[in-house]
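> Those protein sequences? They're chains V and F, same order as listed. FYI, in my numbering the residues of the first sequence are 1 to 556. FYI, in my numbering the residues of the second sequence are 1 to 556.
Errors might be hidden in some of the hints.
Identical chains blur together in the list; that is why a pair holds if it fits in one copy or across any two.
[What the hints assert, rightly or not] In silico EDC-like pairs for lysine to aspartate or glutamate, Cα to Cα no more than 20 angstroms straight-line:
| id | residue 1 | residue 2 |
| --- | --- | --- |
| 1 | 260 | 349 |
| 2 | 417 | 333 |
| 3 | 90 | 367 |
| 4 | 39 | 98 |
| 5 | 39 | 248 |
| 6 | 417 | 330 |
| 7 | 424 | 301 |
| 8 | 39 | 232 |
| 9 | 55 | 367 |
| 10 | 512 | 61 |
| 11 | 79 | 111 |
| 12 | 486 | 498 |
| 13 | 430 | 549 |
Calculated directly from the structure, the hints in this document are not laboratory data. In this text the structure is predicted, and so the values were computed from the model without any measurement.
Protein chains: 2
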Amino acid sequence: MEAKASQNAGRVMDGPINPMVTPLLTDLYQFTMAYAYWKAGKHNERAVFDLYFRKNPFGGEFTVFAGLEECIKLIANFKLTEEEVSFIYKSLPGSCEEGFLNYLREIDCSDVEVYAISEGTVVFPKVPLLRLEGPVAVVQLLETPVLNLVNFASLVTTNAARHRLVAGQSKMLFEFGLRRAQGPDGAIGASKYCYIGGFDATSNVAAGRLFGIPLRGTHSHAFVSSFMSPDEILERSLCSSDDSSTCEDFVTLVHSWLSKMQWLKSLGGIFGETNQSELAAFISYALAFPNNFLALVDTYDVIRSGVPNFCAVALALSDLGYRAVGIRLDSGDLAYLSSEARKIFHTIEKELGVPGFGKMIITASNDLNEETLDALRKQGHEVDCFGIGTYLVTCYAQAALGCVFKLVEINNQPRIKLSEDVSKVSIPCKKRCYRLYGKEGYSLVDIMTGENEPCPKVGERILCRHPFSESKRAYVVPKRVEELFKCYWPGKSGKLREELPALKDIRDHCIKQLEQMRPDHIRRLNPTPYKVSVSAKLYDFIHFLWLNEAPVGELQ
Amino acid sequence: MEAKASQNAGRVMDGPINPMVTPLLTDLYQFTMAYAYWKAGKHNERAVFDLYFRKNPFGGEFTVFAGLEECIKLIANFKLTEEEVSFIYKSLPGSCEEGFLNYLREIDCSDVEVYAISEGTVVFPKVPLLRLEGPVAVVQLLETPVLNLVNFASLVTTNAARHRLVAGQSKMLFEFGLRRAQGPDGAIGASKYCYIGGFDATSNVAAGRLFGIPLRGTHSHAFVSSFMSPDEILERSLCSSDDSSTCEDFVTLVHSWLSKMQWLKSLGGIFGETNQSELAAFISYALAFPNNFLALVDTYDVIRSGVPNFCAVALALSDLGYRAVGIRLDSGDLAYLSSEARKIFHTIEKELGVPGFGKMIITASNDLNEETLDALRKQGHEVDCFGIGTYLVTCYAQAALGCVFKLVEINNQPRIKLSEDVSKVSIPCKKRCYRLYGKEGYSLVDIMTGENEPCPKVGERILCRHPFSESKRAYVVPKRVEELFKCYWPGKSGKLREELPALKDIRDHCIKQLEQMRPDHIRRLNPTPYKVSVSAKLYDFIHFLWLNEAPVGELQ
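Please model the entire structure based on the sequences and the hints provided.
Listed below in structure tokens is the structure:
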């Protein structure tokens, strides 16, 4: 990959993770508009755009903002190559003037300012996640890629956070979605953002390498079916855990445990003939990873074959001082099967005196989603770790977030976008955004004000108004006031800007944010909407502009 | 981007489009299994895997296969770098032997054979799309990336094809999904595969450059709101289309047309005061693209402002010999608004004697999907082109396709994967697949046979059996027999292999395939399932293996 880098405050910033993220990753109309702006001599007019969404996803009342780091990396490295310029020239309809190509060659984001809410923050409809200010033609070019980088990132982070909330803090959550994700970096992005949203690990090796996310994985059904019987295992010796001795025939040791278990009355005689290809696969896997033996037990029959085969191998490993990790279930009734498996593990711990055997880790991974996690929790189960794929990474319940990017000011003139649908009216003006906290430590309301209004003060009463509904308003006396925007890209101004935090820190921030939410805002069933408001002054200005712009209808 | 290439039959093959597609884009368990296979001396055992899906997406009865080219490019370039090898070493649980690292350093796909159905073919459940044969450890490493590359590609191609079927052949379809897609290459992939599925163009400039897909786009609402009034337009002159004269004040010319239209009785006096910022934006856009004037007319009020402003600019352009392209609607009742706009265009053509004005192109682009296209068609409308985004590219109606990758043979031993759910039982054996055609030219049934069975012959009666249901069977006398698998990667064997066709050819193949389908298989409502069968010999063998492998239950 070509190193793409730009100089900012003496520091070189890497380009986006995916080298396909270039200034061409935008809609053609951004370039046709750039040409029209340039032709009109308007391209350098200073414009302010807000990026925000109108509705929380998944029927919930919160969203987690993510994707900021990739946006800043795009912006820091925004520069068209000569080849890209000539491609744009060929792609514009009709012929464009040579001077425009010179303009394209020169543009970068040194004159763009980016204010944003920090990545991993819980956010709400209408409050801008990013505010981009700069020459109108350049900021428009950024519209599409920035929306692309924020929309899926925020959606899948929110999805992960929702899975974490329903699974509970005590469970381990693994993202296993690579094979079903929407393309290669749909998968890599999902791995990254699910980690931010509270997952513990991924199966995706590329994501592990790119981001340092912990990796998990053992073996598949195909591994099990690729064996015929333990007879084919030629190298059968295994050193003990402390290297003090060697078991010359581990296969025979496993067989002897299988026989012993068959006669264990407390297991109720469920152990008959187990599947031999499965047994061979488990033994081979244990010989390769004696310290990390975790077996997929549902290729044939979980209770009558998979679990007994696992237990026999685990007991043999235990003889040599190794401790098996556990089992994975990938089909069937996970509540029932996990409980039955747990009973067997407990019985073995008790009857055969193997300490800790009852605590074998049970992982489950069969088309899980929020609903099945919730149903499992209600039924009761013995699963310790969940591996979640398709529904998580493709955001199956709602495959897109609808962030938009709206012009709110140009040449210091506030602009409003009207719509017959009130929820689609944009909130004009370059704004500041605050989160106001109450005495219990929970946040009460977000409030947007004009850029030059005074900051809400702790202990002072402030009127918070619904931006569009006249009757909805409330006085708030905040115990704490948090300004939501930070400057992430000052361009050439030399101002101090926020550093991009490490992935782990974004994840910690997200987890902490969710812990601090009032529980009724984030619950699954009938969550309470969080309040988003504007200052009285901004309210009045919105409605002044609205009346000014809206045509007076005529009924016929 | 680093050039990744490998030599095959004297030809260097490029790597996958996305440089993030490397051998590490796989599940960790593929590497843990590789180590376990290697430890057991089993890694070079020859295995055959089938890639197939179990259920058509979107409630339909067909799927379009796509993603093959990317799979072959991955396979052709499959080689671990030293840095990747050491990352795998660090990632495996416990310590692994040095010899395994040497093995990893050496693996490539020179000993892998890939047979596949050609890209763009209409396909059905259970019939393998790809058959990979090679050393078990290597082919397993390919499982995850190949599934990733096929799943979304086939899903979104199918989605595009469904949109094309419901829109009808006479409409133009544009893919406008970049901003809402699942990440950067979710977008680029969608652009590519929607084109294969029958779309005509994309807004995504990067996809246009990568694949040569036609590009479309004009301007946004923000462009409209960025203007205040025509007074701010300083450069007002416009040369005539044939360069014979210059209009010194195009703005005044437009204004004069607006006035004329206000007095046009047949327009029913709907033209009053139009929005001046919109008018300024349209004039500026027309000055930049006099040959390609297409205006977004719904920023304020389509019928009372957008359309009249458009018409005035289009008429002024017409005075100078230019022909405007048309309008875009991005909100509201598209059936009503497009019909009203069309009426106005016709009235102007007739009343003002402007030939062709009635044929202005009307593009619509407001959260469209299969259902809205269908509803519009039933209502009647005047839209010529549809721009489709979110629902198309994220496959909102069903965000994932469930292709699986199953071991069907190892060391010449057929393998079957059982499941309590019959639809999940795999079809064992290395197989051949045929499509049998009837006398009307439609395909009747797909049939799978063992590798060494004779090929079905034209005019000879053949028994086609449902793979799992004893009573479902039918005799077929094919008028044409098509072998579905072609060899796309013979590795070192030096055999001739299929060339990867150009994107345009894949698209043509897909369109032709859909034209050849019996209409009831591809209709939206209650489509007829297409029949997929096995030969009598393969049927008997499947059920022999099944009985052999399945444990006999015991009711308690």
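> With reference to the structure, classify each hint as holding or not holding.
We went through each hint and held it up to the structure:
1. 260 <-> 349: within (14 angstroms within a copy, 94 angstroms between copies)
2. 417 <-> 333: between (52 angstroms within a copy, 19 angstroms between copies)
3. 90 <-> 367: This pair counts as neither: shortest intra-copy Cα distance 47 angstroms, inter-copy 29 angstroms.
4. 39 <-> 98: This pair counts as within: shortest intra-copy Cα distance 11 angstroms, inter-copy 65 angstroms.
5. 39 <-> 248: Classified as between; 16 angstroms across copies, 83 angstroms inside a copy.
6. 417 <-> 330: Answer is between: at 13 angstroms across copies they meet the 20 angstroms cutoff, but 50 angstroms inside does not.
7. 424 <-> 301: between (54 angstroms within a copy, 15 angstroms between copies)
8. 39 <-> 232: between (77 angstroms within a copy, 13 angstroms between copies)
9. 55 <-> 367: between (27 angstroms within a copy, 15 angstroms between copies)
10. 512 <-> 61: Within one copy, since 17 angstroms is at most 20 angstroms while 47 angstroms is not.
11. 79 <-> 111: within (13 angstroms within a copy, 43 angstroms between copies)
12. 486 <-> 498: within (7 angstroms within a copy, 55 angstroms between copies)
13. 430 <-> 549: Close inside one copy (18 angstroms), not across copies (69 angstroms); limit 20 angstroms.
Consistency with the previously given hints fails for number 3 only.
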